[in-house]
Structures are given as structure tokens and as C-alpha cells.
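Engineer: Position chain X relative to chain V; hints supplied.
Chain by chain, the residues:
There are 2 protein chains.
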Amino acid sequence: MKFVCSQSDFSNNLSLVSRAVPTRPTHPILANVLMIADATKQKISLMAFDLSLGIETSFDANISEEGQTTLPAKLLNDIVSRLPEGEISLTSEKIKDDQTGLLYLKSASGKFQIKTISADEFPPLPTIENDEFIELPILTITEGLRGVLFASSSDELKQVLTGVHLKGTADNLEFAATDGHRLSVVEAIISSKTSRHEEDRIVKVKNLDEFSVTIPARALRELERIIHNNSDSKVVQLQIDDVQVIFYLGKQKLTIRKLDGDYPKYHMLIPQQFEHIISLDRKTFLNSLERVAVLTSQKNNLVKCIFNHKKQMILLSVETQDLGSAEESIEAKITGKSGDIAFNIKYLIDGLKALSTKEIKMQLNEGNKPVIFNPLGGLKMTYLVMPVQIVK
Amino acid sequence: MKFVCSQSDFSNNLSLVSRAVPTRPTHPILANVLMIADATKQKISLMAFDLSLGIETSFDANISEEGQTTLPAKLLNDIVSRLPEGEISLTSEKIKDDQTGLLYLKSASGKFQIKTISADEFPPLPTIENDEFIELPILTITEGLRGVLFASSSDELKQVLTGVHLKGTADNLEFAATDGHRLSVVEAIISSKTSRHEEDRIVKVKNLDEFSVTIPARALRELERIIHNNSDSKVVQLQIDDVQVIFYLGKQKLTIRKLDGDYPKYHMLIPQQFEHIISLDRKTFLNSLERVAVLTSQKNNLVKCIFNHKKQMILLSVETQDLGSAEESIEAKITGKSGDIAFNIKYLIDGLKALSTKEIKMQLNEGNKPVIFNPLGGLKMTYLVMPVQIVK
Numbered sequence: 001m002k003f004v005c006s007q008s009d010f011s012n013n014l015s016l017v018s019r020a021v022p023t024r025p026t027h028p029i030l031a032n033v034l035m036i037a038d039a040t041k042q043k044i045s046l047m048a049f050d051l052s053l054g055i056e057t058s059f060d061a062n063i064s065e066e067g068q069t070t071l072p073a074k075l076l077n078d079i080v081s082r083l084p085e086g087e088i089s090l091t092s093e094k095i096k097d098d099q100t101g102l103l104y105l106k107s108a109s110g111k112f113q114i115k116t117i118s119a120d121e122f123p124p125l126p127t128i129e130n131d132e133f134i135e136l137p138i139l140t141i142t143e144g145l146r147g148v149l150f151a152s153s154s155d156e157l158k159q160v161l162t163g164v165h166l167k168g169t170a171d172n173l174e175f176a177a178t179d180g181h182r183l184s185v186v187e188a189i190i191s192s193k194t195s196r197h198e199e200d201r202i203v204k205v206k207n208l209d210e211f212s213v214t215i216p217a218r219a220l221r222e223l224e225r226i227i228h229n230n231s232d233s234k235v236v237q238l239q240i241d242d243v244q245v246i247f248y249l250g251k252q253k254l255t256i257r258k259l260d261g262d263y264p265k266y267h268m269l270i271p272q273q274f275e276h277i278i279s280l281d282r283k284t285f286l287n288s289l290e291r292v293a294v295l296t297s298q299k300n301n302l303v304k305c306i307f308n309h310k311k312q313m314i315l316l317s318v319e320t321q322d323l324g325s326a327e328e329s330i331e332a333k334i335t336g337k338s339g340d341i342a343f344n345i346k347y348l349i350d351g352l353k354a355l356s357t358k359e360i361k362m363q364l365n366e367g368n369k370p371v372i373f374n375p376l377g378g379l380k381m382t383y384l385v386m387p388v389q390i391v392k
Numbered sequence: 001m002k003f004v005c006s007q008s009d010f011s012n013n014l015s016l017v018s019r020a021v022p023t024r025p026t027h028p029i030l031a032n033v034l035m036i037a038d039a040t041k042q043k044i045s046l047m048a049f050d051l052s053l054g055i056e057t058s059f060d061a062n063i064s065e066e067g068q069t070t071l072p073a074k075l076l077n078d079i080v081s082r083l084p085e086g087e088i089s090l091t092s093e094k095i096k097d098d099q100t101g102l103l104y105l106k107s108a109s110g111k112f113q114i115k116t117i118s119a120d121e122f123p124p125l126p127t128i129e130n131d132e133f134i135e136l137p138i139l140t141i142t143e144g145l146r147g148v149l150f151a152s153s154s155d156e157l158k159q160v161l162t163g164v165h166l167k168g169t170a171d172n173l174e175f176a177a178t179d180g181h182r183l184s185v186v187e188a189i190i191s192s193k194t195s196r197h198e199e200d201r202i203v204k205v206k207n208l209d210e211f212s213v214t215i216p217a218r219a220l221r222e223l224e225r226i227i228h229n230n231s232d233s234k235v236v237q238l239q240i241d242d243v244q245v246i247f248y249l250g251k252q253k254l255t256i257r258k259l260d261g262d263y264p265k266y267h268m269l270i271p272q273q274f275e276h277i278i279s280l281d282r283k284t285f286l287n288s289l290e291r292v293a294v295l296t297s298q299k300n301n302l303v304k305c306i307f308n309h310k311k312q313m314i315l316l317s318v319e320t321q322d323l324g325s326a327e328e329s330i331e332a333k334i335t336g337k338s339g340d341i342a343f344n345i346k347y348l349i350d351g352l353k354a355l356s357t358k359e360i361k362m363q364l365n366e367g368n369k370p371v372i373f374n375p376l377g378g379l380k381m382t383y384l385v386m387p388v389q390i391v392k
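Chains V and X, in that order, give the protein sequences. Counting along the first sequence from 1, when you hit position 154 you're at 154 in the numbering used here, and nothing is skipped either side. Counting along the second sequence from 1, when you hit position 325 you're at 325 in the numbering used here, and nothing is skipped either side.
The following block holds chain V by itself, in its conformation from the complex (with noise of 0.2 Å):
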């Protein structure tokens, strides 16, 4: 393999494939990133993969002599992104009849030597053998998983917990996620559904009606990074089969191991009809609730929500024995009686986050029933919390 690059095209594509590289690889192989010269196309594909997220991406370069190798990510991503800017060559080299070879690396002020593996040892990215695509807006993506992701767990026990539900309805993409404390849904409307030519292959919409997956919420933050940075692209196409679902998203291709398992009928869980209904300003209800949330404690994050329909005002407290208490007081508009109920306090900040509108309206029934909580416009999104029992 003998190529020229740019440093930058390098680098940057370099650290973008590197977020799949595991940062305690069960085998040396995952630490490496595959590098791929394809003389033809006059292009380099980099590929990383973790058994469970594979990233890949190419750009051009100039390649004269094509080939394949692999190369430790951390140490190779350490010297490019320190490299000045301006052109790059490479050049690989098996040792013997060995597995392992030499990545001579030049530039403009010096050259590195770096040990590669063989390509033959990287475990090959599956593959989806259907030919259909759905093609989903960006906008829709970024959106749904704005308002859901948070609510995942990060408990690898909880398996299909820590994932994103997806499931598609007539013109809908609901987006769903819960730890089992509290649940996010986002309704995302999908409002263009066309199919068109990109790159070599043919996108046929499928029909989002069949479509519904769990994908772990760690490979999800990758494409949400990824979407960021990728500002060109207005859609994300995506195929799926019984294991594997893959996000192609310009130059880059994410193949994400899908969660097996039923996902939770959450559906079930929001409540139609309620009791009393609370509209109040986000950030106001957010910053307080950050304030007081200071003396709260591992063991004890309780916070109490007294709200007054006389006095049309919500009260927070909060109090830990050895710390000290708080209280603020927030204007709501309360329709339904006066009452109280308590939260775990990192639920509520969490939620109220997410939600993006300036008025949020939350609504609540007697009791430790379920408490949902909606922007007021804009997205559709549910968020519901389980409220704490109050101790009296």
C-alpha cells in the first residue's frame, strides 16, 4: 500500500472512526483501525468496529499501490492530529511471512514507523443483504433524540433499557426511551419521503409502518456526533435486518448491533386523564431546582413540590440532615386543587433539559401515580416521571 494525503483529510476522518475503537479492547485487533487504499477509486476507507458499533468513512487521496493493514487508532490518531499541515505519505510493508508489518509515515518535518496487523485479523463488518432503505430527515433524527437519549440507562444489566426504541407509524417516527424511573417519547413527524440516487446505491422507501428497533444509546450518541459535524447532509438513510441496522450518512457509515428483546409497552404507562394541570416556565422551574438540588444528597435527592392554587405558585424543598434545607417558590399557572408530591430532583433536571420550549405544562393525579410533563408547542414529547412517596 502506497498512498498521499492530506493531513487534514486524514485526521480529521482519523478521530472520527476512533470513537469506535473500545478503550479496553477484549482483543489487540479492535484497537486497531482497518485502513483500506482502493487504487481504482482513488480513495482511503478507514473502519473501526467494536463488535457492536462499526464506524466507517473514506476520503481521497492520491494512491498509487493498493492494499490493506491495520493500525493501533490511539498512537496513529496521537501523530496525525500533531502533524503540520500539508501532505502526508504512507507507506506499508509486510515483515517476513509474518502477521504483523510497518507503516512508514512521512511529512514535511519528519517520519514515524509505526507496527501495523494484518488486515486478515480484523473481524469483517456485517453486511445487510436487502436492498431497501428508509431515508429519514436530519432534523427528525437530531430531534427524537434530543428529547430521549438522556432517559436511557447506563445500567448494561437493564439490556434493551439501554437502548432508543424507534418505531415508525403512517408519518410518524416515535422515539422512545426509559431506565424504568422515567421515560422519554418523541413523536417525530417525517414530513418528505423521497427516493433518490446517493453515492452507488439505489434508495427504495421502505415503509415505515413495519419499522421498529432497539439501538443501543452509545452508538446513537456517536451518529448524533457525527450529524453534528456533518452539517452538508439533509437526511440519514438507514437499513435494517434481523441483527444489524446501518446509518449511511454521507461519507460515513455507522452498523449498529441492534438490542435483542421486547422493548417495554410504555404506551401503557402515560396516564390520559389527570387531576391537576400545571403550566410554568421552564427555565425558571430549572434554575431553582438547580439551586436547591445543592442540598441534596446521594442518599437522600428528594424534592418536594407543594403547589398552591391560591396563591398560584409552586414551593421546592428540599432538606438533608446534616447539610442543612431550601425552598424556593415559582410562579405556575394550577388549574385543579392544591397538593403536593415529591421527585427524585436529577429526574426533573434531566427532564426539564430536554424539553426545549420556553412554557412546559406538567400534569398530575392524586396519589404516586405517573407525572407527565410537555413543552407547550413545537416538539411533541412526553416525559414522565414515578413521583416518591412523601414520608408524613
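It should be emphasised that the hints constitute simulated quantities derived from the structure, not laboratory data. Please note that a few of the clues may not be correct.
[Unchecked claim] Simulated crosslink set (DSSO-like; lysine-lysine; CA at most 27 Å straight-line):
1. 299/X - 353/X
2. 74/V - 346/X
3. 251/V - 283/V
4. 106/X - 299/V
5. 353/V - 353/X
6. 353/V - 158/V
7. 115/V - 106/X
8. 111/X - 283/V
Just so it is clear, the structure is predicted and the values come from calculations on it, not from any experiment.
Structural biologist: This is chain X only, laid out in the frame that chain V set:
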């Protein structure tokens, strides 16, 4: 105690003294900040002390009842920094005859109750009996610290080496720090020596000739930070006795316990004659070192420098068995024969970052004699590094 003050005054001063609060306090009271309300001066003083470093500051407030108490620094800081701008009112009261009490903090948005511990429990900050002050220009201090602080040892067992040594001569103040492997010395010129009234103390300028003290690097980093955030003051005043040194900077006061023990006679280490003199561009050298450093490992952080008199070039090379190797060439003006030398690359990088001029001079002798680096022009600074023997 009862007073009203501005949120921003309280928050800024609190975060300033909080730097002296230990992260793992040996006694609960050390996690607290001492607050004194002086009705006569209409000033609030805040103080934190970890038994080695004490930081004191004061600000104006509307005091209706004087008194003193101590409060958990982190908790108070977390609350006050989150409060909206505007006036806050504070009232403290004792609970029974107990050593604990409560502070009531009220802002526009809410109220907080925080547990206090009696001010009697707070260890008194050491004072200095003599009334002799040394006045130093801020620039002298900042240049000196910037040039040497990085070279002090972070190993608490190395005692005096964890500090910076300050030594006065007729019109110089010399800063020195060493960790046993490298040494940095800055001779800061003191241009102005004037005696003046400041606040309520008379500044008698003491002769710098007798001045010699070793001060913990950690405390000096706080001094550096306070100077940086305090752009009004042009001078720092110093008071010193056998045990303590006190820095006065506007409304702030740093009380620091000196490091005991004789500081090494470092001047003896600096060679006066050299066989090789090399001058080169600092930034180019630094960038090259940072790139080849990627190929060093924790076990082997050696960089070999081959200086070629004929080509007027330095070749840097690094090799680590498992990773690979790197080479960079840089132009240099070399007098004396060609040769080679090896260093711990971290020591070179640290020193080159602290030397602030565009061009630098590197002087060395055959064998494993100390190598020194000086800026060309600007500050009078000497950075000495012990080379590492090359196994041939």
C-alpha cells in the same frame, strides 16, 4: 450576625478563598470557611486555611449585626454561585449552647438554611510580629513563577524540592525550582523600590539582600491564580518570619507555611563552559518533540538528539519496541563538533514551554554533563536538564 451584600461580591470572594479548602480535610472544620462580619468597617472577611496555606479576602456589605461563624465551603459556594444576581441577606444564629448553628440565606428566588460550626473551632491563622514588608512588582513575581514552578517536585516526600526557592541579591530576586532531574532558575530584576502606605499598614521596604525562603509550589500556584484574576494591583507585599510568609495583594492575603530545610546549592550544578553551543527556534523544536513523544512509552520516554555540525541540523529520534519509531529533523545553528545526547523527553517539553522567547540557546559538553537552555533575549532564565546515558 446579619448582613446584606451583592451576590456577585459574595460569590467571587467565596470561590477565591475556597482554593485553600483541602479536598480531603483531616478535620471537619477545615472543610469550612470562616466568615467575619465587621460592623465598624462594614466589611465581610472570608478565610480558608488548610494548615499550610491560608487565603483571606474581604468585601463591602451592609452589616446590621456583627459576628462570626464557619460554613461548609463547597456547599455554600455551590449555592451562592447559582443564585441570581442581586442582593442576598444572611443571618446566623446559634442553636442552644451548642458549637453548631444555622445560617439563613435569602435571595429574590428563595431561602436556604445551612448548618454552621462555631468560629471558635476554626484554627487561628498565623500572624507575623515584625512590621517589615518587602514590596515586589507583580511582573517580577509572575515572570519568576512562570519560569520555574513547573520544575518543582510533586512528590511530597521530597520536602524542600516541592517548593520554589526565592533568594534576594542587591537588585535581583532569584527564583529556583528543581525536582532532582532538572532545575529552572530565573533572575528577575526589581526595577522600582518605593515605600508606600497601603490599606492601614505602612510598608517599610526591607533589604532584599537578606531574603531567602522556600515556599510550597502549591501555594504559589494559588498566588499566581489570584494575581491573574486581580489585574488592578501592580505590586505584591511580602512579610516574612522564621515559619511563615504572608503575601498581600489588594484585599487578598495569603499566609503560607515555609518549607523547612536547606535548599540545594544549585548554582554549583550549572556548568560555566561548554563544548557545543546550539541555537534554534523554540516552537519548531517543541512541536517536533511533541510529535515524536507519541512514540515514547511510560517505561521508555527517551529522545535521542543527534546534532550534525556539517548539515546544521538536529535529528530527533525515538523508538519503542512495541509501538514503532519516529524521526524529525530541525534546523539549528551549531558551533562545536557533531555529537549526540539523550533526554527524558518530558523534561525537554516542560522546559521549552516555559522558555518564552522565539529563539533559544542550548549548551552542552561531552559525556553525561548537565545541559542548559537559555532564552535568547528577554528574561534571564536558565533551564538545566540531566541527560540520560545512551547505551551503545
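Engineer: For a quick check of understanding: which of the numbered hints are violated here, in increasing order?
Structural biologist: Of the numbered hints, 3, 5, 7 do not hold.
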